[in-house]
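Asker: Sequence:
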Amino acid sequence: MPIFRVEEDTLIIAQETNVELEQHIEIWIENSPWAVIQGELVLWIDRQASAQDEEGTIYPDLLGVDSEGDLVVVEFKRRQTPRDVVAQLLEYAAWANELPLEQIHEIADAYFEKRDEFRGKTFPDAFREVFDIPETDELPPLNRKLRLFVVAEEIHPRVARVCRFLRTSYKMDVSCIVVSKFQTESGDEIVSTETEIGNEDFSSPALLDYPPLREVVLEVVEELTHGNTDTEFTPIKVKRRALEKYPGIRVAAVPFNIRIYTVNQSAFHNIPIEERRYWCLRHGVYRLYDPEKDKLDGDEHTDQVE
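The sequence shown begins at 0 in numbering that gives the first Met the number 0 and counts up by one.
Since the hints were made in silico from the structure, they are not lab data. These figures come from a predicted structure and were not determined experimentally. Don't take every hint at face value.
Said to hold, decoys possible - Derived CB-CB ranges, DEER-like: (1) Tyr169 <-> Arg82: 15 to 23 angstroms; (2) Glu153 <-> Glu188: 17 to 25 angstroms; (3) Arg114 <-> Glu274: 27 to 35 angstroms; (4) Thr194 <-> Tyr169: 31 to 39 angstroms; (5) Gln14 <-> Pro99: 44 to 52 angstroms; (6) Thr9 <-> Ala93: 45 to 53 angstroms; (7) Asp108 <-> Thr183: 40 to 48 angstroms; (8) Asp289 <-> Arg143: 32 to 40 angstroms.
To be verified - Derived DSS-like pairs (lysine-lysine); straight-line CA-CA distance at most 25 angstroms: (9) Lys170 <-> Lys144; (10) Lys244 <-> Lys170; (11) Lys294 <-> Lys144; (12) Lys244 <-> Lys144.
No residue lacks a Cβ here, since even glycine has one placed at the ideal position from N, Cα and C.
Generate the whole structure from the sequences, applying the supplied hints.
Answerer: Structural data, given as structure tokens:
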């Protein structure tokens, strides 16, 4: 998919370039986890994990967990995906599917020691921080489901066909993401990600009639608070009510959809969404945004919560 820049009344196409190394994609996604699963947050718990199975050692590229506690396995390939990548991904999935809770915690704790933002933190602490869960709420059970991702510059047609078959016939949550890199005349590098397989939802035909998740979240928040800007709510309460109203809806993206519309959190400034909907009172606790009370200081918001 081409990328354009605007020059007066003309669209100028940006030159597409090759991603130099498979490792570059890994680093980008590791540092920007919401880019691989658009509209969601992911807590990575290992990179290039050294895992043992009956045949020896395997090395999943990235292993993470989403806000529902489901494990996320990502395999990166430079240029076009080789045909055996699906077999490789399923091999990793078979290993991850059998991971007990204690081992997931051990894997995460070892990885966190290599990451400045999580060094010294336990898995529960990091999970609460990333997914905005207050201490009063319980954490979800881990590893009930697997989410599998192939990320490459080009997805081989046979790989796409097999992944689509696994989704539609076996209800496996497997997706193919295409990463493209562009360079403008000024030398700026632009990276785009596009979901080639995975946007379709296989759980229920009724999901096609549901509103966009961002509107579902706002609708539920307004119900929970009765539109009162003094009434508090938490992402978990929003998830539960959203599932009651819209069975089968993917609620893992709820925390991200709250944070990017929360004006005193850093996500609001990092992602170009202008609408102001929520205000963070403390970790994991929000209320509706009140333009009269929640005063702005220039382009920055007071009491910003990271």
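Asker: Could you run down the list of hints and mark each one as holding or not?
Answerer: Each hint, compared with the structure:
1. Tyr169 <-> Arg82: 15 to 23 angstroms: holds, 19 angstroms
2. Glu153 <-> Glu188: 17 to 25 angstroms: Holds, since Glu153 and Glu188 (Cβ atoms, about 19 angstroms apart) stay within the stated range.
3. Arg114 <-> Glu274: 27 to 35 angstroms: Cβ of Arg114 to Cβ of Glu274: about 32 angstroms, so the range 27 to 35 angstroms holds.
4. Thr194 <-> Tyr169: 31 to 39 angstroms: violated, 19 angstroms
5. Gln14 <-> Pro99: 44 to 52 angstroms: holds, 49 angstroms
6. Thr9 <-> Ala93: 45 to 53 angstroms: 52 angstroms Cβ-Cβ, so the 45 to 53 angstroms window holds.
7. Asp108 <-> Thr183: 40 to 48 angstroms: Since the Cβ atoms of Asp108 and Thr183 sit about 41 angstroms apart, the hinted range of 40 to 48 angstroms holds.
8. Asp289 <-> Arg143: 32 to 40 angstroms: holds, 38 angstroms
9. Lys170 <-> Lys144: With Cα atoms ~11 angstroms apart, Lys170 and Lys144 stay inside 25 angstroms; holds.
10. Lys244 <-> Lys170: Answer holds: Lys244 to Lys170 is near 23 angstroms, not above 25 angstroms.
11. Lys294 <-> Lys144: violated, 43 angstroms
12. Lys244 <-> Lys144: holds, 22 angstroms
Violated hints, in rising order: 4, 11; the structure is consistent with all others.
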